[in-house]
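Participant: Those sequence lines, one after another, are chains P and F. Numbered per this note's numbering, the first sequence spans residues 1 to 116. Numbered per this note's numbering, the second sequence spans residues 117 to 231.
Take the hints with a grain of salt, since some may be wrong.
What the hints assert, rightly or not - Covered by chain P, according to a simulated footprint, are these stretches of chain F (three or more residues, beta-carbon under 8 Å):
#: 1; stretch: 130-142
#: 2; stretch: 187-197
To be verified - Every beta carbon over 12 Å from chain P, so not counted as near; a handful from chain F, in silico:
#: 3; residue: Q122
#: 4; residue: P124
#: 5; residue: E170
#: 6; residue: T172
#: 7; residue: E174
#: 8; residue: G176
#: 9; residue: I179
#: 10; residue: D180
#: 11; residue: K181
#: 12; residue: P183
#: 13; residue: S200
#: 14; residue: E202
#: 15; residue: I206
#: 16; residue: L231
Hints in this document: simulated from the structure, not taken from any laboratory. A virtual CB, placed ideally from N, CA and C, is assigned to each residue, including glycine.
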Amino acid sequence: AQSVTQLDSQVPVFEEAPVELRCNYSSSVSVYLFWYVQYPNQGLQLLLKYLSGSTLVKGINGFEAEFNKSQTSFHLRKPSVHISDTAEYFCAVSQGTNFGNEKLTFGTGTRLTIIP
Amino acid sequence: SAVISQKPSRDICQRGTSLTIQCQVDSQVTMMFWYRQQPGQSLTLIATANQGSEATYESGFVIDKFPISRPNLTFSTLTVSNMSPEDSSIYLCSVSARTGTDTQYFGPGTRLTVL
C-alpha cells in the first residue's frame, strides 16, 4: 500500500516570493504522482502529474514539480507567487494501472497563504 | 478534461434523514469515484463505481450507509443514509478520464451539514 506525507500543514509566503510545498511518498512499486489545488469552496483542480519520462513536470499557473525517486519526493514549486495562489494543495499517489488499481491516495494537504 | 457537475451544491439536513447526491459528467467514463472530505481534512475514498457492476467500497464504508448507483456511463448517485452530525462533510465525485494515466477529474463537491 502507498502513502503520502505532506510535511507542512500551512505555508505563509509573501507575494512574488518563491515557494516550495513538500511531498514525500511511500510505495513498494512504481507510482504515478499528482498535485491538486482546491480553492476556497471549490472542488479539486489538477495542477500537474508525473507518469513517466522527464522528472521535471510543468503544470498550470506557473507551477512545476520534480520527481526524485531516490528521495521518494515530488515537491511542488513556483518561482513567484500571486495572491490568487492562496489555496489548499494536495499531493496524491497511485500505483499505476499496470497494477489494475486506479485509486488515488491523498496527503493531508498544505494550506498556502500569500501575504500581500 | 471532463466537466463534472454535482447536485445539490450544498444542503442542511436533519439527523436521521437521507440525502442523495448526483454526479453528472459531460462524456462517457468507465470509472467514477466518490470521496468524503471532512472539515479541515484530506480526501478519503468512499467507493469506486463502474457502470454495470456493484460499487467497490473502501474499508470503513458500507453499502447500507452509502448506497451508490451507476445506471450509465455519464451519471452516478451517492446516498448518505440515516445521517448523523458526523456525516457533515464535503462529498466529491471524480472520474478517471482515460485509462492508463490514473488521472482523476473532480466535481465541485456537495457541502453537507447535518444538524
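Participant: Hint by hint, where does the structure go against what was stated? Just the numbers, ascending.
Facilitator: 1, 2, 3, 6, 7 and 15
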